[in-house]
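Please model the complete structure; the sequences and the hints are all you need to start from.
What follows is the residue order along each chain.
Number of protein chains: 2
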Amino acid sequence: MSTTWKSRYALRTKELKSSAIRELLKITQNPEVISFAGGLPAPDVFPIARFQEACRRVLELNGHQALQYGASEGYEPLREMIARHIARYGIKAKAENVLITSGSQQALDLIGKLLINPGDRVLVEAPTYLGALQAFSVYGAQYVSVPSDDDGLRTEELEEPLRSGPKFMYVLPNFQNPGGTTLSEGRRHQLVLLADKYGIPIIEDDPYGQLRYEGEHLPPLVVIDRENLRGDGGYSIGNVIYLSTFSKTLAPGLRLGWIVAPTDVITKLVQLKQGTDLHTSTFVQVIAYEVAKDNFLDEHVKLIRKVYRDRRDVMLEALKKYFPPDVTWTHPQGGLFLWVTLPEGMDCNKLFQAALKENVAFVPGDCFYAGNGDTKEGCRHLRLNFSYGQPEQIREGIRRLSQAVKQQKHELHVVHA
Amino acid sequence: MSTTWKSRYALRTKELKSSAIRELLKITQNPEVISFAGGLPAPDVFPIARFQEACRRVLELNGHQALQYGASEGYEPLREMIARHIARYGIKAKAENVLITSGSQQALDLIGKLLINPGDRVLVEAPTYLGALQAFSVYGAQYVSVPSDDDGLRTEELEEPLRSGPKFMYVLPNFQNPGGTTLSEGRRHQLVLLADKYGIPIIEDDPYGQLRYEGEHLPPLVVIDRENLRGDGGYSIGNVIYLSTFSKTLAPGLRLGWIVAPTDVITKLVQLKQGTDLHTSTFVQVIAYEVAKDNFLDEHVKLIRKVYRDRRDVMLEALKKYFPPDVTWTHPQGGLFLWVTLPEGMDCNKLFQAALKENVAFVPGDCFYAGNGDTKEGCRHLRLNFSYGQPEQIREGIRRLSQAVKQQKHELHVVHA
Numbered sequence: 001m002s003t004t005w006k007s008r009y010a011l012r013t014k015e016l017k018s019s020a021i022r023e024l025l026k027i028t029q030n031p032e033v034i035s036f037a038g039g040l041p042a043p044d045v046f047p048i049a050r051f052q053e054a055c056r057r058v059l060e061l062n063g064h065q066a067l068q069y070g071a072s073e074g075y076e077p078l079r080e081m082i083a084r085h086i087a088r089y090g091i092k093a094k095a096e097n098v099l100i101t102s103g104s105q106q107a108l109d110l111i112g113k114l115l116i117n118p119g120d121r122v123l124v125e126a127p128t129y130l131g132a133l134q135a136f137s138v139y140g141a142q143y144v145s146v147p148s149d150d151d152g153l154r155t156e157e158l159e160e161p162l163r164s165g166p167k168f169m170y171v172l173p174n175f176q177n178p179g180g181t182t183l184s185e186g187r188r189h190q191l192v193l194l195a196d197k198y199g200i201p202i203i204e205d206d207p208y209g210q211l212r213y214e215g216e217h218l219p220p221l222v223v224i225d226r227e228n229l230r231g232d233g234g235y236s237i238g239n240v241i242y243l244s245t246f247s248k249t250l251a252p253g254l255r256l257g258w259i260v261a262p263t264d265v266i267t268k269l270v271q272l273k274q275g276t277d278l279h280t281s282t283f284v285q286v287i288a289y290e291v292a293k294d295n296f297l298d299e300h301v302k303l304i305r306k307v308y309r310d311r312r313d314v315m316l317e318a319l320k321k322y323f324p325p326d327v328t329w330t331h332p333q334g335g336l337f338l339w340v341t342l343p344e345g346m347d348c349n350k351l352f353q354a355a356l357k358e359n360v361a362f363v364p365g366d367c368f369y370a371g372n373g374d375t376k377e378g379c380r381h382l383r384l385n386f387s388y389g390q391p392e393q394i395r396e397g398i399r400r401l402s403q404a405v406k407q408q409k410h411e412l413h414v415v416h417a
Numbered sequence: 001m002s003t004t005w006k007s008r009y010a011l012r013t014k015e016l017k018s019s020a021i022r023e024l025l026k027i028t029q030n031p032e033v034i035s036f037a038g039g040l041p042a043p044d045v046f047p048i049a050r051f052q053e054a055c056r057r058v059l060e061l062n063g064h065q066a067l068q069y070g071a072s073e074g075y076e077p078l079r080e081m082i083a084r085h086i087a088r089y090g091i092k093a094k095a096e097n098v099l100i101t102s103g104s105q106q107a108l109d110l111i112g113k114l115l116i117n118p119g120d121r122v123l124v125e126a127p128t129y130l131g132a133l134q135a136f137s138v139y140g141a142q143y144v145s146v147p148s149d150d151d152g153l154r155t156e157e158l159e160e161p162l163r164s165g166p167k168f169m170y171v172l173p174n175f176q177n178p179g180g181t182t183l184s185e186g187r188r189h190q191l192v193l194l195a196d197k198y199g200i201p202i203i204e205d206d207p208y209g210q211l212r213y214e215g216e217h218l219p220p221l222v223v224i225d226r227e228n229l230r231g232d233g234g235y236s237i238g239n240v241i242y243l244s245t246f247s248k249t250l251a252p253g254l255r256l257g258w259i260v261a262p263t264d265v266i267t268k269l270v271q272l273k274q275g276t277d278l279h280t281s282t283f284v285q286v287i288a289y290e291v292a293k294d295n296f297l298d299e300h301v302k303l304i305r306k307v308y309r310d311r312r313d314v315m316l317e318a319l320k321k322y323f324p325p326d327v328t329w330t331h332p333q334g335g336l337f338l339w340v341t342l343p344e345g346m347d348c349n350k351l352f353q354a355a356l357k358e359n360v361a362f363v364p365g366d367c368f369y370a371g372n373g374d375t376k377e378g379c380r381h382l383r384l385n386f387s388y389g390q391p392e393q394i395r396e397g398i399r400r401l402s403q404a405v406k407q408q409k410h411e412l413h414v415v416h417a
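Protein sequence lines, in the order shown, are assigned to chains A and B. Counting in the numbering used here, the first sequence tops out at residue 417, every number present. Counting in the numbering used here, the second sequence tops out at residue 417, every number present.
Hints are not guaranteed to be accurate.
All copies of an identical chain are treated as equivalent in the list; a pair is satisfied when it fits inside any one copy or across any two copies.
DSBU-like, lysine-lysine: derived pairs with alpha carbons at most 30 Å apart [said to hold, decoys possible]:
# : residue 1 : residue 2
1 : K197      : K6
2 : K14       : K167
3 : K14       : K197
4 : K92       : K6
5 : K376      : K321
6 : K6        : K94
7 : K321      : K197
8 : K94       : K14
No wet-lab data here; the hints were simulated from the structure. Remember, it's a predicted structure, so these values are computed and weren't measured experimentally.
Structure below.
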């Protein structure tokens with residue numbers, strides 16, 4: 001009797017399909033294609049020399065520890081460094097509040113594992129980060145979507161969804177993926193107050209917070225929650241779990257992220273992490289610590305900001321120069337992405353096919369919707385990444401994309417005429 | 001309204017408790033304690049110079065790729081190397097049959113995610129690897145345990161449990177953790193035939209297969225399954241998923257393992273892996289490839305075998321010299337562990353407390369039972385690791401442990417007298 005593996009798969013894998021982005025990335029491996037599809041940092045800003053020096057030192061002085069099993073919580077000096085680092089943004093946490101994860105994708109997986117029972121509702125922005133939907137769906141999450149605009153999630157539409165009793169809400173306040181938008185300060189306060197009123201925890205995902213190119217830093221939700229609602233009681237209480245990563249500041253190939261949470265939540269997450277992958281690579285953690293230490297990371301982030309700000313400006317200028325006036329886009333104050341809105345009637349997936357013929361790629365907007373009847377809205381959008389390409393590639397890519405847009409508009413006109 | 005996090009935890013985390021081993025390891029961090037508790041490779045065999053050279057070369061020639069996002073399946077040259085490598089043991093697989101995981105603990109987690117619905121039964125050996133129980137339990141697994149002896153799982157007791165319809169069976173045929181036993185060739189054939197008869201898939205976990213110190217290599221279950229039952233049809237069909245790791249041959253701090261499976265299973269696992277942690281650290285994969293290539297790993301494994309064989313022999317001799325004659329132990333042909341059986345009436349947990357007073361530690365045997373009334377049997381056992389300590393530490397540790405054993409025997413005698 002031969003086993004059909006398919007007949008053995010768990011129910012949770014039923015809806016599983018390979019993410020559209022992943023399949024896209026394969027298409028765009030053709031070197032002729034200029035891709036705005038990935039969320040890749042620019043490899044030319046990776047601090048290679050610093051990594052070389054770190055590897056040399058770590059293996060010479062600390063090789064036996066760096067190559068051995070480690071604690072599930074993470075490498076202690078790295079946890080302490082992260083606690084010190086986030087203190088500058090007002091997040092008062094100790095090392096014991098920090099769990100090192102294998103990229104912040106794993107943080108999302110562990111949070112899904114910890115909190116979601118099949119059928120639980122999760123409140124998300126529309127649009128939201130596709131990877132979070134993937135991580136939560138496997139645990140049986142259903143979604144309640146709240147629309148967003150240029151100032152982020154529309155908190156004035158939040159109360160009713162909160163009343164429906166979601167298990168938690170998941171938000172990206174800074175330079176959102178895919179929207180490129182930033183949640184305004186007023187809305188941050190409103191969001192935290194409403195979450196508290198209805199007793200709904202917040203998962204604050206902040207991978208890009210340090211990559212601000214203009215405007216003032218805004219307080220994280222975790223800080224507002226503590227200062228306004230809980231007094232200065234440290235991090236033992238709180239309604240917010242905060243996530244971030246080294247993927248956009250040091251290098252994504254490390255797969256290093258972290259979770260900041262009250263200690264009892266960390267304890268539970270550590271137990272889950274142990275069964276999931278024992279611990280994150282000791283070697284990678286020790287190297288990352290050695291690279292980042294002595295304020296190197298701060299200096300390095302300044303360089304990244306400069307490079308990415310220039311690229312964002314190049315893309316904004318090219319969009320203005322080439323695109324028809326009825327196409328609009330967000331003006332991100334930071335991060336890696338901007339979000340384009342097509343005129344009514346146009347379809348991002350048809351545009352995607354046309355764009356591929358012009359050798360340019362993007363991610364169709366409907367990928368970023370949890371799918372409660374708002375997928376149609378998603379079809380009017382595209383996500384463009386501006387961090388990866390060189391300025392001249394960005395200009396040429398936008399020019400090509402504008403050709404595809406004009407052609408699609410023309411076809412639409414012919415059909416409707 | 002302040003959120004109680006506890007009230008939000010998913011049902012699957014209800015039974016979650018920190019593993020006994022993990023707590024033990026904390027106690028044994030006291031440098032006075034000689035610990036046979038961990039499963040740690042000896043750091044003195046880590047090939048540090050080779051790692052230094054690999055880091056230097058990779059960052060010089062391939063730094064941009066090594067630090068960037070990568071494919072969820074893993075680094076292609078590493079997948080190909082693994083496919084070539086396992087071919088020598090008769091496992092005919094292509095790179096497309098190999099998924100790189102963040103340690104083989106993640107392989108267990110992904111398999112649980114793929115296959116287990118809450119309430120599904122998983123057939124395991126008694127005793128079995130604690131980390132597998134942790135990984136599967138979170139997905140709601142129930143267990144059916146089959147006893148084992150010096151020749152591994154007792155296949156003559158397998159048919160009835162198989163008839164009860166477990167979702168899959170999980171076995172460690174080589175130098176089992178914790179038993180140190182090896183499944184005999186006859187039983188391997190019987191196991192594969194029975195699994196086929198009842199259509200029950202096999203998860204074959206083989207972290208130690210290359211660390212054989214005596215006797216002849218035995219065919220993996222995956223090879224027997226294919227050769228005997230499916231003809232030479234390559235790896236597209238098959239009843240066995242095979243797992244292994246670099247943790248015991250290169251270094252556990254890398255967190256690098258792999259799954260070998262039919263392509264449709266790999267495709268599904270890749271989708272799950274993407275939502276779990278996107279992919280395993282590119283940096284670690286590229287470095288591991290660079291270290292292992294040009295047959296370095298084969299040569300290195302010869303060194304490890306020699307060092308660990310010596311340590312095993314030291315432990316076996318010390319046990320014989322110091323332990324009372326009514327205590328018995330397994331004679332492992334490879335791997336990292338041996339398994340001690342105490343005389344009836346003795347309790348490994350009481351012994352553990354006594355041993356700590358003598359500054360020596362081990363893992364109490366009851367940790368390794370899935371807990372279907374066989375936990376009491378577990379209390380007569382201890383797992384001892386012989387790979388980590390230096391020979392003189394092993395001798396002294398066994399001497400101390402024998403003191404604790406004699407003392408416990410004496411107390412038992414006094415109580416019963």
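Against the structure, the hints come out as follows:
1. In this assembly of identical chains, K197 and K6 lie within 30 Å of each other by CA distance solely across copies; the values are 18 Å between and 45 Å within a copy.
2. Taking identical chains as interchangeable, the C-alpha atoms of K14 and K167 lie at most 30 Å apart whether they share a chain (22 Å) or sit on different chains (17 Å).
3. For a Cα distance limit of 30 Å, the shortest separation of K14 from K197 across copies, 27 Å, qualifies, whereas the shortest one inside one copy, 36 Å, does not.
4. In this assembly of identical chains, the alpha carbons of K92 and K6 lie at most 30 Å apart only when taken from different copies (22 Å versus 48 Å within one copy).
5. Proximity of K376 and K321 under a CA criterion of 30 Å is satisfied intra-copy only: 28 Å inside one chain copy versus 77 Å between copies.
6. For the identical chains of this complex, K6 and K94 are inter-copy neighbours only, at 21 Å across copies versus 46 Å inside a copy, given an alpha-carbon limit of 30 Å.
7. In the homo-oligomer, the alpha carbons of K321 and K197 never lie at most 30 Å apart, since the shortest distance is 47 Å inside one protomer and 69 Å across protomers.
8. Proximity of K94 and K14 under a CA criterion of 30 Å is satisfied inter-copy only: 27 Å between copies versus 40 Å inside one chain copy.
The structure shown violates just one earlier hint, number 7.
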